[in-house]
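J.: Let's have the full structure, built from the sequences with the hints guiding it.
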Amino acid sequence: MNLANRITIARIFLIPVILLFLLVRFDFGHFSIGGHTTTVSEIVAVLMFIVAAATDGLDGYIARKRKMVTNFGKFLDPLADKLLVTAALVSLVEMDRIGALAAIIIIFREFVISGLRTIAASEGIVLAASKLGKLKTTLQIIAISALILNNFPFSYIGLPFADIMLYVAVFVTIWSGIDYLWKNKHVIYSGRI
66 MNLANRITIA
76 RIFLIPVILL
86 FLLVRFDFGH
96 FSIGGHTTTV
106 SEIVAVLMFI
116 VAAATDGLDG
126 YIARKRKMVT
136 NFGKFLDPLA
146 DKLLVTAALV
156 SLVEMDRIGA
166 LAAIIIIFRE
176 FVISGLRTIA
186 ASEGIVLAAS
196 KLGKLKTTLQ
206 IIAISALILN
216 NFPFSYIGLP
226 FADIMLYVAV
236 FVTIWSGIDY
246 LWKNKHVIYS
256 GRI
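Add 65 to a position in the sequence shown, counting from 1, and you land on the number used in my numbering.
I should point out that these hints are in silico values taken from the structure, not numbers from a laboratory. Hints should not be assumed to be uniformly reliable.
What the hints assert, rightly or not - The calculated DSS-like cross-link candidates involving lysine-lysine, where the alpha carbons are at most 25 angstroms apart (straight line), are:
| no. | residue 1 | residue 2 |
| --- | --- | --- |
| 1 | Lys147 | Lys199 |
| 2 | Lys248 | Lys147 |
| 3 | Lys199 | Lys132 |
| 4 | Lys199 | Lys248 |
| 5 | Lys250 | Lys196 |
| 6 | Lys199 | Lys139 |
Computed from a predicted model, the values in this text were never measured in an experiment.
T.: As structure tokens, then:
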């Protein structure tokens, strides 16, 4: 169990804590601007979500820099990412901050691509992540963070930033999924997976 894998595991253990602050209404107070309200619990949840999301880059960097790349890490890292995003999206649907369709589209894309990569890896084929996929992840993190805060920091100027970022994230999620499948169609049709 190396440092990179411990960081990945810590990200997984943060998920229930994030959900606790999101879904349980602690009475720590709240802030309101322009009809949008966010609670101290939601601020804590979003800070923890951002920290958890940031550890994705950190564990990968450490694993590559220190030559700690393991099969366990290759399996666990993308799983931790999917669990974090899925848990946040399902919570946001429960909180009535997003519609189920947006969450389903994002989750569906994540599991289709992860499934393809897993099957390919079992055949010794490495399907690398794309820059578009990394952009998709960044946009999802921004959108989820803004949605957790109920558009709070942007409501004073009347900008529905959280909704805009969600639509952009869904669009890029679909686009990156199609792009990924298109670029790897030779693997899909090769008969090796």
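J.: Hint by hint, note whether the structure agrees.
T.: Now the hints, each set against the structure:
Using a Cα cut-off of 25 angstroms, the hinted pair Lys147 and Lys199 holds, with the two alpha carbons roughly 13 angstroms apart. Distance restraint check for Lys248 and Lys147: the Cα-Cα separation of roughly 22 angstroms lies within the 25 angstroms cut-off, and the hinted pair is therefore satisfied. Proposed proximity of Lys199 and Lys132 is supported: the alpha carbons are some 22 angstroms apart, at most 25 angstroms. For a cut-off of 25 angstroms, the pair hint linking Lys199 to Lys248 stands: about 16 angstroms separates their Cα positions.
At roughly 18 angstroms between alpha-carbon atoms, Lys250 and Lys196 fall within 25 angstroms of each other, so this suggested pair holds. About 16 angstroms separates the Cα atoms of Lys199 and Lys139, which keeps this hinted pair within 25 angstroms; it holds.
No hint from the list above goes unmet by this structure.
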